[in-house]
Amino acid sequence: DTGVSQNPRHKITKRGQNVTFRCDPISEHNRLYWYRQTLGQGPEFLTYFQNEAQLEKSRLLSDRFSAERPKGSFSTLEIQRTEQGDSAMYLCASSPRDRGGYEQYFGPGTRLTVT
Amino acid sequence: LAKTTQPISMDSYEGQEVNITCSHNNIATNDYITWYQQFPSQGPRFIIQGYKTKVTNEVASLFIPADRKSSTLSLPRVSLSDTAVYYCLAIFNKFYFGSGTKLNVKP
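From first to last, the protein sequence lines are chains V and S. Per the numbering used here: the first sequence = residues 1 to 115. Per the numbering used here: the second sequence = residues 1 to 107.
Careful: at least some of the hints might be erroneous.
Result set (DSS-like, lysine-lysine): computed pairs, CA atoms no more than 30 Å apart in a straight line [claimed, not checked]:
| hint | chain 1 | residue 1 | chain 2 | residue 2 |
| --- | --- | --- | --- | --- |
| 1 | V | Lys-11 | S | Lys-69 |
| 2 | V | Lys-57 | S | Lys-52 |
| 3 | V | Lys-57 | S | Lys-69 |
| 4 | S | Lys-69 | S | Lys-102 |
| 5 | V | Lys-57 | S | Lys-102 |
| 6 | S | Lys-52 | S | Lys-69 |
Since the hints were made in silico from the structure, they are not lab data.
Given these sequences and hints, build the entire structure.
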């Protein structure tokens with residue numbers, strides 16, 4: 001039983017560079033979510049997909065952020081022109097078809113540090 | 001603007017029952033209440049979910065009153081390994097997690 005996996009686990013980049021993270025959900029989970037979490041705060045919703053369709057997108061997700069889920073399987077989150085304020089843990093979660101999004105399974109996260 | 005409200009922290013001792021309350025005044029009719037547990041440097045882990053009245057599983061119970069404006073997570077006989085942050089998630093308006101309650105279980 002493989003859980004949600006995220007790669008890379010850690011990423012250090014310089015301000016202004018682009019970064020891309022990958023999330024592989026639990027197989028056959030049709031919903032996939034991206035969150036951002038900073039130290040001492042709860043996960044902050046960014047966006048979610050049902051299959052390949054991006055159904056919700058937070059207003060916090062500026063135009064420098066983009067997410068895709070081609071073919072409804074893995075997903076990528078790209079941040080362009082990174083800023084120091086983007087430093088955070090980026091979490092991915094998936095949920096099964098019959099759970100309505102309430103029961104989410106989280107990956108270990110990708111910790112981004114922008115220097 | 002916060003959608004859910006929880007105590008920032010709680011202390012308990014091993015073997016005690018712990019109750020953590022979450023306020024969600026604007027919950028919608030079709031929304032569910034879900035609780036998650038998070039250890040440092042890990043993603044949150046699903047604990048329990050419910051719509052109304054009481055739900056119980058092998059690790060916790062969830063109590064939701066008739067007006068559904070609050071909910072209480074009950075952890076029976078906590079151990080040191082239950083020290084974590086607990087989040088109440090009201091499934092409305094983009095899966096808002098809230099600030100969480102840091103539970104510290106002492107020996």
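Has the given pair, V/Lys-57 with S/Lys-102, been kept, meaning a C-alpha gap of at most 30 Å?
28 Å, holds
What's the verdict on S/Lys-52 and S/Lys-69, does the C-alpha distance respect the 30 Å limit or exceed it?
10 Å, holds
Checking one constraint from the list: CA of S/Lys-69 to CA of S/Lys-102, max 30 Å. Satisfied?
Status holds; Cα separation ~21 Å.
Please work out if V/Lys-57 and S/Lys-69 have their alpha carbons no farther apart than 30 Å.
Given pair V/Lys-57, S/Lys-69 holds - Cα atoms ~26 Å apart, limit 30 Å.
For a C-alpha distance cap of 30 Å, please report whether V/Lys-11 and S/Lys-69 respect it.
Violated, because 41 Å separates the two Cα atoms, which is more than 30 Å.
Does S/Lys-52 lie within 30 Å of V/Lys-57 when you go C-alpha to C-alpha?
29 Å, holds
Violated hint for the displayed structure: number 1, the only one.
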